[in-house]
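2 protein chains.
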Amino acid sequence: VKHNSAAEWHTPKGFLFSGIHCGVKKKRKDLALFYSNKDCNVSALFTRNAVKAAPVALAQEQLARHGQIRAVVVNSGNANCMTGKRGLADARKMVKAMSKTLGLKAQEVLVSSTGIIGQYMDMKPILAGMKPLALGLSCEALSDAADGIMTTDLFRKISSRKFHILDKEVVITGVAKGAGMIKPDMATMLGYIMTDANITKKALEKALRKTTDLSFNAITVDGDMSTNDTVILMANGEADNRIITGGGRPMEIFQDNLNAVTRELASMIVKDGEGASKFIEVRVHGAKDDRQAKKVAGAIADSLLVKCAVAGGDPNWGRIASSAGASGVRFDPEKMDIKLDGIVFLKAGKASRRINRKSTSVFKGSEVLIEVDLHSGKGKAVFYSCDITKKYITLNSYYTT
Amino acid sequence: VKHNSAAEWHTPKGFLFSGIHCGVKKKRKDLALFYSNKDCNVSALFTRNAVKAAPVALAQEQLARHGQIRAVVVNSGNANCMTGKRGLADARKMVKAMSKTLGLKAQEVLVSSTGIIGQYMDMKPILAGMKPLALGLSCEALSDAADGIMTTDLFRKISSRKFHILDKEVVITGVAKGAGMIKPDMATMLGYIMTDANITKKALEKALRKTTDLSFNAITVDGDMSTNDTVILMANGEADNRIITGGGRPMEIFQDNLNAVTRELASMIVKDGEGASKFIEVRVHGAKDDRQAKKVAGAIADSLLVKCAVAGGDPNWGRIASSAGASGVRFDPEKMDIKLDGIVFLKAGKASRRINRKSTSVFKGSEVLIEVDLHSGKGKAVFYSCDITKKYITLNSYYTT
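So the sequence lines, in the order shown, correspond to chains A and B. Quick note on numbering: the first sequence equals residues 1 to 401 in my numbering. Quick note on numbering: the second sequence equals residues 402 to 802 in my numbering.
Just to be clear, a hint being listed does not mean it is correct.
Unchecked claim - BS3-like cross-link-like pairs, simulated, lysine-lysine; straight-line CA separation at most 30 Å:
{"hint": "1", "chain 1": "A", "residue 1": "K335", "chain 2": "B", "residue 2": "K497"}
{"hint": "2", "chain 1": "B", "residue 1": "K751", "chain 2": "A", "residue 2": "K27"}
{"hint": "3", "chain 1": "B", "residue 1": "K569", "chain 2": "B", "residue 2": "K486"}
{"hint": "4", "chain 1": "A", "residue 1": "K350", "chain 2": "B", "residue 2": "K494"}
{"hint": "5", "chain 1": "B", "residue 1": "K426", "chain 2": "A", "residue 2": "K26"}
{"hint": "6", "chain 1": "B", "residue 1": "K765", "chain 2": "A", "residue 2": "K335"}
{"hint": "7", "chain 1": "B", "residue 1": "K672", "chain 2": "B", "residue 2": "K569"}
{"hint": "8", "chain 1": "B", "residue 1": "K525", "chain 2": "A", "residue 2": "K25"}
{"hint": "9", "chain 1": "B", "residue 1": "K689", "chain 2": "A", "residue 2": "K335"}
{"hint": "10", "chain 1": "A", "residue 1": "K96", "chain 2": "B", "residue 2": "K736"}
{"hint": "11", "chain 1": "A", "residue 1": "K380", "chain 2": "B", "residue 2": "K736"}
{"hint": "12", "chain 1": "A", "residue 1": "K27", "chain 2": "A", "residue 2": "K162"}
{"hint": "13", "chain 1": "A", "residue 1": "K100", "chain 2": "A", "residue 2": "K131"}
{"hint": "14", "chain 1": "A", "residue 1": "K124", "chain 2": "B", "residue 2": "K736"}
{"hint": "15", "chain 1": "B", "residue 1": "K751", "chain 2": "A", "residue 2": "K364"}
{"hint": "16", "chain 1": "A", "residue 1": "K124", "chain 2": "A", "residue 2": "K100"}
{"hint": "17", "chain 1": "A", "residue 1": "K124", "chain 2": "A", "residue 2": "K25"}
{"hint": "18", "chain 1": "B", "residue 1": "K765", "chain 2": "A", "residue 2": "K347"}
{"hint": "19", "chain 1": "A", "residue 1": "K350", "chain 2": "B", "residue 2": "K426"}
{"hint": "20", "chain 1": "B", "residue 1": "K486", "chain 2": "A", "residue 2": "K288"}
{"hint": "21", "chain 1": "A", "residue 1": "K339", "chain 2": "B", "residue 2": "K426"}
{"hint": "22", "chain 1": "A", "residue 1": "K347", "chain 2": "B", "residue 2": "K740"}
{"hint": "23", "chain 1": "B", "residue 1": "K525", "chain 2": "B", "residue 2": "K563"}
{"hint": "24", "chain 1": "B", "residue 1": "K689", "chain 2": "A", "residue 2": "K85"}
{"hint": "25", "chain 1": "A", "residue 1": "K124", "chain 2": "A", "residue 2": "K13"}
{"hint": "26", "chain 1": "A", "residue 1": "K85", "chain 2": "B", "residue 2": "K426"}
{"hint": "27", "chain 1": "B", "residue 1": "K751", "chain 2": "A", "residue 2": "K347"}
{"hint": "28", "chain 1": "B", "residue 1": "K494", "chain 2": "A", "residue 2": "K335"}
{"hint": "29", "chain 1": "A", "residue 1": "K131", "chain 2": "A", "residue 2": "K168"}
{"hint": "30", "chain 1": "B", "residue 1": "K779", "chain 2": "B", "residue 2": "K740"}
{"hint": "31", "chain 1": "B", "residue 1": "K426", "chain 2": "B", "residue 2": "K501"}
{"hint": "32", "chain 1": "A", "residue 1": "K350", "chain 2": "B", "residue 2": "K765"}
For the record, the hints were derived by calculation from the structure and aren't laboratory data.
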């Protein structure tokens, strides 16, 4: 995957970006800024974890009062979580310093944090970094901003689409960070999606909920999320299209392109799973409804034994059947089909071949496909996952030191 | 842990055991028999997985009709799961052959299987093994029977208690198998508990449900179980005590000793987790009720990042807080305490020390303790888990070949 050439992405009109190193992390960039020249309608989704980081609590408080923002400032290296009142005060300080630097009202700036939990923020470098961060704003610096939000990510994650709504050109551009995807409910996921589309706040909220279900929540199980998870969608209207409301063809076009951006970001997050060597796509068909299909797909995608089997190139479909059965969804195993990389292993509950790695070559490529058909309805869902390797254990046994 | 000396356990009166190698596995014992000279009241719990192995379906069918049994025959090496009608016919053949050999009615014999999923049983060695298995019955052969049910287990699991109910000596003895405990919902757990207590079927059922919640289900999350999980409790009344009904002091004594046996078996299963190097005990206090406490304890015990932290000797309490928060239970993080191996790391939501492995030595022993107090009620629970090591990945990437 190449994500390094600026030529590969479009930036929406009226947005500027910046990313610098201020000193929270040792060497890599640790501050990012996403900025719009004009007021943005905004929609955001946050973690449902009972333990919420200070910036999440603050952003929720701000958005409950004001529906429009101009900028989001992000630090990486420290999650500002489990830091009590002092953490909340630190998040407020970041908002205050950034809004002052940019000449905005405090309510127009949101803050996000990602990194280690339970340590107070080192505010000195962060506050000192606000001015150089603002001075670095440009429409070319998107990759710097994308770098600034990374923690253990191995590559930056940017996706964009340019399309037309009637005669107007519209751009949607998103950046994200992830990693630690082996246990999705513990990985901090941040996503910032910017568009110059002219769209109502209500339509924006609808679009974000829908697209998140198909992307970021299809790599995460059942609302279990980390303490800092945040997805923010900002629209500044600079494309000057006739305003998009919740329905009709313009909304469809917007939604489709938004889905393309978020799905690409989600798959990048999975591909960058700590220590992962293979990208796993789980497709479930024939469930009673989409919700049940997603539950089954999620159970398979989240199964450690399935991940191990993929890592070992081992077509152990019995583990797939068993994790589907453990999902809580009722189905008739005698109707179930299982295909691995397109090869049928189970047909109507009957094994169609003996498992033998020598004779059956599956899970060899860097992208593998697991397909399950329950033959009991029209529900379908896709879930993304990655394998687990020894490298994961090494990475996660020694994170704080 | 020593579990090899026959002198360490008691056997209940009237029970005989046998374990042999018949040829399903290459070398190790693969058939086991638990037998009572007299009719046994029986209570059993089975997997709630939608995909049930043939012997589970058959045992449920048998027990729905008859409340008493005399014997259980177990094979290891093949789970007889996802094997359709042929699998069910094979399970019936095992019952028929064993009951005939023992001179019993078919309804008096149950069968269990554990091992690989999705392959038809090799019935020839199994049927040929029935006679030598029956001939091997003795009250000394408990360890052979315990060996016969093992798959990837590294040591046999036996626990027993001798106690008095009024003037009568009563014995409870259990054997179990587990392994693969890193993702509890995928590990096949088998447990056979035998007692010479005189106890009603109703009291037996109550006792088994209660004890399973405190033991085997405290190493397993939310009813997610493998395709073959089975726990059977048999009581033949040979101790000749006044019959135990559902209440009173005799029932209490019986329950306490049963709990001691099942908790010891459960902890052995965890200690034998594939590739595990450390035994983790998670204690949660101060939840609204016991159910919520168990949910929080289970979420922590099941967190892969927590397991990795323990493996690495890393006191990363932030991961513990986050997995508690992701459990679905609502609580106030500002009240939470976290202790690791007795050392306070979080007090009323405040970090009490900086994480530093050099200055803080925790998770060094082979048994580690994680304590969480939510300070919002009287609910409490204990959950058992083990760490994850690179060895686990190696073991599970190459299971079928």
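A quick look at each hint next to the structure:
1. K335/A <-> K497/B: Between K335/A and K497/B the Cα gap is close to 28 Å, so the pair holds against 30 Å.
2. K751/B <-> K27/A: 29 Å, holds
3. K569/B <-> K486/B: 47 Å, violated
4. K350/A <-> K494/B: Holds: K350/A and K494/B sit about 20 Å apart, inside 30 Å.
5. K426/B <-> K26/A: Distance ~54 Å between K426/B and K26/A Cα, so the pair is violated.
6. K765/B <-> K335/A: 49 Å, violated
7. K672/B <-> K569/B: 34 Å, violated
8. K525/B <-> K25/A: 65 Å, violated
9. K689/B <-> K335/A: 42 Å, violated
10. K96/A <-> K736/B: With Cα atoms ~28 Å apart, K96/A and K736/B stay inside 30 Å; holds.
11. K380/A <-> K736/B: Violated - the C-alpha atoms of K736/B and K380/A are around 42 Å apart, more than 30 Å.
12. K27/A <-> K162/A: 34 Å, violated
13. K100/A <-> K131/A: Satisfied, since the Cα-Cα distance of roughly 10 Å is no more than 30 Å.
14. K124/A <-> K736/B: Measuring from Cα to Cα gives roughly 29 Å; hence the hint holds.
15. K751/B <-> K364/A: With a Cα-Cα distance of about 48 Å, the restraint between K751/B and K364/A is violated, given a limit of 30 Å.
16. K124/A <-> K100/A: 16 Å, holds
17. K124/A <-> K25/A: 13 Å, holds
18. K765/B <-> K347/A: 49 Å, violated
19. K350/A <-> K426/B: 23 Å, holds
20. K486/B <-> K288/A: Holds, at about 25 Å.
21. K339/A <-> K426/B: 28 Å, holds
22. K347/A <-> K740/B: 50 Å, violated
23. K525/B <-> K563/B: 40 Å, violated
24. K689/B <-> K85/A: Judged against 30 Å, a Cα distance of about 25 Å means the pair holds.
25. K124/A <-> K13/A: 33 Å, violated
26. K85/A <-> K426/B: 61 Å, violated
27. K751/B <-> K347/A: 55 Å, violated
28. K494/B <-> K335/A: This hinted pair holds, its Cα atoms lying about 25 Å apart.
29. K131/A <-> K168/A: 35 Å, violated
30. K779/B <-> K740/B: 18 Å, holds
31. K426/B <-> K501/B: 24 Å, holds
32. K350/A <-> K765/B: Outside the cut-off at roughly 48 Å; violated.
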